Each structure stands twice: as C-alpha cells, then as structure tokens.
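Visitor: The lines below spell out each chain.
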Amino acid sequence: MGYIAEGVVTALKLLVRGDPETYSAVFTTLRASSISILASLVIGIPLGFLLGYYNFPGKRQIRALVDTLLALPTVVVGLVVYALITRRGPLGGLGLLFTIPGISVAQTILILPIVISLTATAISNLDIRFKRTVMTLGADRRRTAITALYESRYGVLAAAVAAYGRAIGEVGVSMMIGGNIKWHTRTITTAIALETGKGQFAMGIALGLILLLLAFIINWILQIMKRKT
Amino acid sequence: MYTSAVFEIKNLKRQYGQGFLLDIPSLVIERGKSYGFVGPNGSGKSTLLRMLAFIDEPDEGTIRYHGNDSMGERGYVTEDRTIRVSVTMLLQEPYLLKRSVFENVAYGLRTRGMRRGLRERVYESLNMIGLNPETFSHRKWSELSGGESQRVALAARLALKPDVLILDEPTASVDRVSAHLIKEAIKVVRKNYMSTLLIASHDLVWLHEVSDEILRMHEGLIMGSEEDNFITGPWSLEDDGLWSTTLHDGQQIRALKPPSPTSIALLNTVSTIVTTERPDHLSAQNILAGRLMHIYTFENSERVKLDIQVANLSLNATVTRAAVRALGLMPGLDVWVVFKASSLQWQ
Chain C
1 MGYIAEGVVT ALKLLVRGDP ETYSAVFTTL RASSISILAS LVIGIPLGFL
51 LGYYNFPGKR QIRALVDTLL ALPTVVVGLV VYALITRRGP LGGLGLLFTI
101 PGISVAQTIL ILPIVISLTA TAISNLDIRF KRTVMTLGAD RRRTAITALY
151 ESRYGVLAAA VAAYGRAIGE VGVSMMIGGN IKWHTRTITT AIALETGKGQ
201 FAMGIALGLI LLLLAFIINW ILQIMKRKT
Chain W
1 MYTSAVFEIK NLKRQYGQGF LLDIPSLVIE RGKSYGFVGP NGSGKSTLLR
51 MLAFIDEPDE GTIRYHGNDS MGERGYVTED RTIRVSVTML LQEPYLLKRS
101 VFENVAYGLR TRGMRRGLRE RVYESLNMIG LNPETFSHRK WSELSGGESQ
151 RVALAARLAL KPDVLILDEP TASVDRVSAH LIKEAIKVVR KNYMSTLLIA
201 SHDLVWLHEV SDEILRMHEG LIMGSEEDNF ITGPWSLEDD GLWSTTLHDG
251 QQIRALKPPS PTSIALLNTV STIVTTERPD HLSAQNILAG RLMHIYTFEN
301 SERVKLDIQV ANLSLNATVT RAAVRALGLM PGLDVWVVFK ASSLQWQ
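Chain order of the listed sequences is C and W. Just so you know, my numbering puts 195 at position 195 of the first sequence, and the rest follows in order with no gaps. Just so you know, my numbering puts 19 at position 19 of the second sequence, and the rest follows in order with no gaps.
Honestly, the hints are just simulated from the structure, not real lab data. Small disclaimer: the values here were computed from a predicted structure and weren't measured. Just to be clear, a hint being listed does not mean it is correct.
[What the hints assert, rightly or not] Ranges of calculated distance between the beta carbons of each label pair, as one might list FRET restraints:
| hint | chain 1 | residue 1 | chain 2 | residue 2 | range |
| --- | --- | --- | --- | --- | --- |
| 1 | C | Leu69 | W | Val188 | 55 to 65 Å |
| 2 | W | Pro40 | C | Pro57 | 55 to 65 Å |
| 3 | C | Arg142 | W | Arg139 | 37 to 47 Å |
| 4 | C | Leu94 | W | Glu57 | 38 to 48 Å |
| 5 | C | Arg142 | W | Glu299 | 39 to 49 Å |
Cβ atoms here follow ideal geometry from the backbone N, Cα and C, with glycine treated the same way.
Next up, chain C with everything else stripped away, as it sits in the complex (with noise of 0.2 Å):
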C-alpha cells in the first residue's frame, strides 16, 4: 500500500512544482476537447432546434437513431475516423492522423448526438403556455423561434457541459487517432493509461486528481443549470 501514498505525495509534487509533461498533457486534453465541443455545439444545436422545435415526418425516428447514438462506444467512432483519415483512407490526404485536430474530429462525432439529443429534449420541453403567449405578445415566427431557443438557454448549456464531460474523459479516440504521442498527441487519459501500465503511479494519479477536479467543475456545473431549468 506504501507505493499508493508515496505516488500521491509525488502527484502533489509534480502539480506543485509544474511538471512539464504533466502540464503537457492537460493542455493537450483542453485543446482537443475544446475544439471539439466548439464544433459539436456550432453543428449540434441548429440540428438539435429543428428536432425538438419543429412536427415533420420521420422526426420520430431520427430522434430514436440519434437517441440510440448517444451511447456510441468511442472505439467504434477511433476505428472508422482511423480508416477514414488513415493514409490509404479517402480523407488521408488532410494529414489528420496522430494530431490533435484529428482527435477533435473523433470527439465532434463522439459528442454530437450528445448535444443534439438535449437540446432537443430542452426544446421541446418548453412550457405548452410558452408559444401562445409569446404570440399573445406580438412575436412572429422567427422571433418565436429565438426566444424559444432563448428560453431554453439552460438546458442547451447542459447539454453543452455533459458533451464535454464526455469529451474530456474518453481514451478510446486519443488513444487510437491521437497515439499517444508524448508532448504532442498524449492527453490526461492516454497518459494515465501508459504511466498505469509502467507501474508509474505518481503522474497517473496527477492526472487523475485533475481530470477528478475538471469532472467535479463540469458536474457542478451542470447540477445549476438543471436547477435553473
């Protein structure tokens, strides 16, 4: 048990001290991640308003593809993105592989129907009162619509924070686009993954106590905005 105690004290060390691969690392995490979840939210939440605001046919079913989506296994979404933008792949001339955009372009697909899901669910869980009294107050069509995706700002920002929750957490795709490599492509939790497996606990749970804390800021986070919905 002493080599557990001992690799706290050496993370809190490392953390203190500003360890430069450790630091490495977290950048490389917030990078990636937030380049994905910007892309995911310009992408997510048009899509995921007309889903929830507007009647058409096939609205059903495209919610229940997009609901069945959200548990997407992020090996499957590594494995085709790999074969997409590999160098024979059709997309292998953008040179994505092993760099940080391309684990943002995992991430976008892996988080998506994240965002779109809950905007959707936001949506469409406006109060039935919201529309007539909106009318009743002069709006036309399009400003309806605005205010609606206004008076939903809660749970769209919800949706935004688990979406990066997501992205933030996941080693599949960095691992399998990104590989890991060190001060370039290694995140939080392709590092944690590497150092475990070395036997190297210290860094591992250095990182662990950040992603804890970032997973803690997120979730905190998110438990005000579905009060404030």
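Once you have looked at the hints, place chain W on chain C.
Guide: Frame of chain C; chain W shown alone:
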C-alpha cells in the same frame, strides 16, 4: 367615445373541448367598450377570446377587425403585424419568460422594434399595476408570488397600449389586493388608451365593476346579454289557458303558450318589479317569493342589478340606485319578484 365596430363576427364555428361547438352567428364588439363574458367552465369563453386575439383560428366563418378580414391566405391565423400587435391577450394561466421582470414587460415592446423610451414605458406599466419598478424590475421570474406574476404578465400587455385588451380569468388565481389593483389598472387603460376590453371571469362582482356589458355563454352559444333571465320548462297547460312550470318549492311561473313544452323562456331584467311586501290585487300573474342574494353596481351608471334566489332559480332584476335606497334593499332580505305572464319571451 367611438362607436364603430372593432370586431364583427359572422357565422363563426369552432370545435372545442370534447365535442363542443362554438357557434356564433353574429356578434359586434364596439370600440372603446368593455365586455364581460360569463358562463360555466367549458362554455367556450376562452376559445372565443383566443380567436379574437388571433392566436387561434375558427373552423368556419369570419372575424373582421376594423372592417378588415383578419384571416390570412388559406385561413391561417393572421401574420399581419399591424393586426397582431394591436390586439393582446392575457392568458388564463400566465407564463413569464425566464428573464427579469423588466425584460418580461419589455418583450412585447422589443418585438415592435422599440428602443427609445423603453424604460419609461416599462416603469409606467409596473406602476399602473401597483408594482414598484425600483423594487421589482430586476427581480427574476422565479422570485414572484402568484399574484405578482399575474400582475407582471398584465403589465407586459399594458405596456403595449393595445387597441384591444383581452383578459381570460385575470383574477382566478390572485389575492384580493391583486384583484383590486388589476381592476384599477383596467380603469386607467380604458381612460388613457381608449382600449376595447374583453374580459372573461367567474368573479361576477368584480366583473360588473369593470364591464359596460355582460355577455352570457353556455355550451358554445352566446345566450344574449345579461339583460335576460332564462327560465327552463317543462311547461304544462293549466285550466285557465296559461302554461306553467313548477319550481322546487312548489311556486309556479306562468307564461303564455310556448312553442314547445320544453322551450326556454327569456325574461328581461327590466320587466321585473321587486317589492319588500307581498302585493295584492295585481294583474301580473307571477308573484314569487325569494331572497335577495347580491347587489351589483355598474361603473358610471344609476343602474343596479339584483340577484334574487327564487327556489332553485336565480333571477336578475334591474332597478335604480334610488329604488334600492327607497326600499332599503340589502343582501339577505326576503323580497317579492313580480312580472306578467306576457313578459316571458320564447327563445
């Protein structure tokens, strides 16, 4: 005061609830007047008011607004901005947007593109409804009581200075103070903005104080104005050639020959005479004992409406303030209601 029509309804039909049909062959709403709508739940009041607010559409028929057909192409609820922005409605269960009180009141003004003078208008509206702007404008929607929410929702409509203001049960879920403040605000709106008002309410005393005219609705029909009492049969022929129906306490109401034994008779409230002692030697065939339940007064009028319970029947009689004083009328007093058999009209 203008007397031209704000709304002209022709052959309006609309399904609502479970199998009910709102059916209004003809109705004219005059400009600047205040109309009260009374009737039991499910009588079609809300459905009618929503259509007049252009947030719902009829199955058949037309609603003309200031002489213009309000329906868009293919019968959809109008998207015509000028119409939509001059009529506003306070729904039965108001909904506040998830933002501050100020932004809730300002929302309708912003949809109209108003930028300047926004603050003044919002503050004026909050003041009208008895909410101190300094205290309330920054409060969140979630920090208000039921009565305060209702008043904020009303303030959002008042801020629009609407041509037509429609209120659906505005006092149903509010405290007495709020009900009073809403009444005062309605009076100011009428005086300052010359708005036409359409108000549905179960609170009859309150409604009388804010209405010029009361329309009664029953199962999708407008059953005339409140000038009429309804007396249902069945009617049976008596030995003297008159027809009668018997009330629960055995008293009889006598009428001339009905079109059918189950016809409904109309009795105008001004055709009734009220006395405090039983009159003798009258030609009138109907002398009914009852108890005075309520006395309703009207805004700017010498008219007084009496609500008299005669057995199972609630009869209304219109008298003057002078008569109330002379007879010393007050609720709870036993009275006699007198009218001629020929005063009953058949529907």
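Visitor: Quick check: does the Cβ-Cβ distance between Pro40 (chain W) and Pro57 (chain C) fall within 55 to 65 Å?
Guide: Check failed, 40 Å falls outside 55 to 65 Å.
Visitor: Given the hint of 39 to 49 Å, is the C-beta distance from Arg142 (chain C) to Glu299 (chain W) inside that range or not?
Guide: 41 Å Cβ-Cβ, so the 39 to 49 Å window holds.
Visitor: Hint says 55 to 65 Å; check whether the CB-CB distance for Leu69 (chain C) and Val188 (chain W) agrees.
Guide: Given range 55 to 65 Å: holds, Cβ gap about 56 Å.
Visitor: The hint says 37 to 47 Å between Arg142 (chain C) and Arg139 (chain W); measuring C-beta to C-beta, is that right?
Guide: violated, 29 Å
Visitor: Looking only at beta-carbon atoms, does the pair Leu94 (chain C), Glu57 (chain W) fall within the given range of 38 to 48 Å?
Guide: violated, 53 Å
The earlier numbered hints that this structure contradicts are 2, 3 and 4.
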